[in-house]
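A.B. asks: Those sequence lines, one after another, are chains A and B. Per the numbering used here, the very first residue in the first sequence carries number 1; after that it's consecutive. Per the numbering used here, the very first residue in the second sequence carries number 1; after that it's consecutive.
Rather than coming from a laboratory, the hints here were simulated on the basis of the structure. Think of the CB as a built atom: it goes at the ideal place given N, C-alpha and C, for glycine as much as any other residue. Misleading hints may appear alongside valid ones.
[Said to hold, decoys possible] Listed next, the in silico SDA-like pairs over lysine to any residue satisfying Cα-Cα at most 20 Å (straight line):
hint: 1; chain 1: B; residue 1: Lys188; chain 2: A; residue 2: Lys72
hint: 2; chain 1: B; residue 1: Lys40; chain 2: A; residue 2: Met38
hint: 3; chain 1: A; residue 1: Lys120; chain 2: B; residue 2: Ser61
hint: 4; chain 1: A; residue 1: Lys72; chain 2: B; residue 2: Tyr172
hint: 5; chain 1: B; residue 1: Lys116; chain 2: B; residue 2: Ala177
hint: 6; chain 1: A; residue 1: Lys114; chain 2: A; residue 2: Thr76
[Stated by the list, open to error] Stretch by stretch, here's where chain A covers chain B in the computed footprint (C-beta under 8 Å, at least three residues):
hint: 7; segment: 82-90
hint: 8; segment: 117-127
hint: 9; segment: 151-164
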Amino acid sequence: MFKRPSSRRKSGHREVQLNLVPILDTLVTLISFLLFSMAFLNLASIESAFPVASSEAQANQLKTKPLQLTLKVEETQTKIWSYFELIKPTFVPHLEPGKPDSVRIHQALVTIKKQFPTEKSIVFEPNSGTNYDSIISVMDAARNLEPSDESIYFKDPATGREEVAKRLFPDIVFGNLMGDR
Amino acid sequence: MAFRRSIKNRRRRRRIGSEFELPLTSMMDVLVIILVFLLKTYSTSQNNLSTVKGIQLPISSSVDTPTDSHQVIVTPEAITFEDERVVEFEQSTEALSASDAKYRFKEADLQDGGRKIVPLYDALIRARDQSEMLRVKSKARDAQGNPLPFDGIMAIQADKRISYDTVRKIMYTGASAGYRVFRLLAMKRDT
């Protein structure tokens with residue numbers, strides 16, 4: 001008498017092999033795509049328009065004197081002043097010859113921004129020997145508000161609502177492009 | 001006899017070799033890790049701005065990302081405009097050992113009391129003409145149906161040792177050629 005064959009072997013795990021080759025192909029294609037379209041050069045930009053002189057008629061139309069905040073990098077110090085003398089000039093000594101103290105310049109500008117919260121522009125006049133690194137650091141100090149800075153509130157003339165200033169003086173114009181010093 | 005056995009063994013070994021399977025699972029692991037890393041650090045670029053070898057860019061906290069524009073690259077060796085060297089600086093022997101950049105313009109390259117860089121001006125004018133011609137041929141039009149005006153944006157990528165005097169000359173030259181907006185480029189600070 002024959003016994004019924006055991007079903008144990010048949011019901012056991014059948015070895016299924018996942019075909020990894022197409023998955024590998026997909027991964028390689030994805031990696032190549034990412035590598036090709038990736039930006040390895042992470043650049044930031046600071047925009048500045050070429051200064052245009054306003055006409056005499058336009059200047060006469062101004063009811064109030066503008067601040068015309070100017071930041072001048074000299075040999076040993078940085079001078080922050082207003083052409084129309086609306087603020088007292090501030091002098092910030094350099095950290096070392098040719099290296100402006102951008103932290104203290106930033107602090108001085110934050111104080112001015114509190115007095116003139118709607119003002120957005122600043123005239124920048126670096127010394128001819130100032131290097132590009134210092135130019136960028138001073139421009140950063142003049143444009144951006146740090147998270148550690150005190151909030152500056154102002155009434156938006158367009159909407160009439162109170163808002164928080166997001167930037168310090170973002171519109172920078174080089175004031176001495178035609179000069180020699 | 002021993003010699004024959006050796007041949008047999010060698011054949012057997014070869015047979016084993018032909019059945020060898022590449023361990024794809026570990027390879028998959030590696031590729032998945034690379035993929036995750038790339039996706040995490042992925043950032044696309046809206047521009048085709050490039051750089052040159054050896055340039056030391058300053059670091060900026062600006063959050064503005066530059067868009068496509070004509071680009072001038074300044075190093076202590078040369079001025080490059082759109083991947084073409086237009087000005088070579090004169091180098092002194094002490095410049096090789098100096099930490100500061102020591103370079104100067106050739107006298108023949110300057111005009112307008114030393115403010116305008118002639119080879120750069122010529123290159124900028126050529127690029128502007130080309131850009132305006134492309135705008136005339138393009139189907140994009142303004143509200144009046146005229147070709148879009150030349151945007152006049154110039155990106156300046158300078159080595160951190162370059163003096164303002166050189167940057168000022170470049171901006172003056174750019175303004176003379178009709179470029180009215182300057183984008184000073186730097187490396188973005190990691191947040």
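A.B. asks: Next, verify each hint and record whether it holds.
C.D. replies: Hint by hint, here is what the structure shows:
1. Taking the CA atoms of Lys188/B and Lys72/A, the gap is about 25 Å. The hint is violated against a cut of 20 Å.
2. The suggested pairing of Lys40/B with Met38/A holds, with an alpha-carbon distance near 12 Å, which does not exceed 20 Å.
3. For the hint pairing Lys120/A with Ser61/B, the CA-to-CA distance comes to about 18 Å; that is within 20 Å, so the pair holds.
4. With a C-alpha separation of about 19 Å, the suggested pair Lys72/A and Tyr172/B falls inside the 20 Å cut-off, and the hint holds.
5. As the CA atoms of Lys116/B and Ala177/B are separated by approximately 10 Å, the hinted pair is consistent with the 20 Å bound.
6. Of the supplied pair hints, the one linking Lys114/A and Thr76/A is violated, its CA atoms being roughly 27 Å apart against a limit of 20 Å.
7. With 0 residues carrying a beta carbon less than 8 Å from a beta carbon of chain A, the segment 82-90 of chain B misses the three-residue requirement, and the given coverage is violated.
8. Proximity of the segment 117-127 of chain B to chain A, defined as three or more residues with a beta carbon under 8 Å from a beta carbon of that chain, is not established by the 0 residues found.
9. Look at the segment 151-164 of chain B against chain A: 9 of its residues bring a Cβ nearer than 8 Å to a Cβ of that chain, three or more, so the hint holds.
Of the hints listed earlier, those the structure fails to meet are numbers 1, 6, 7, 8, in rising order.
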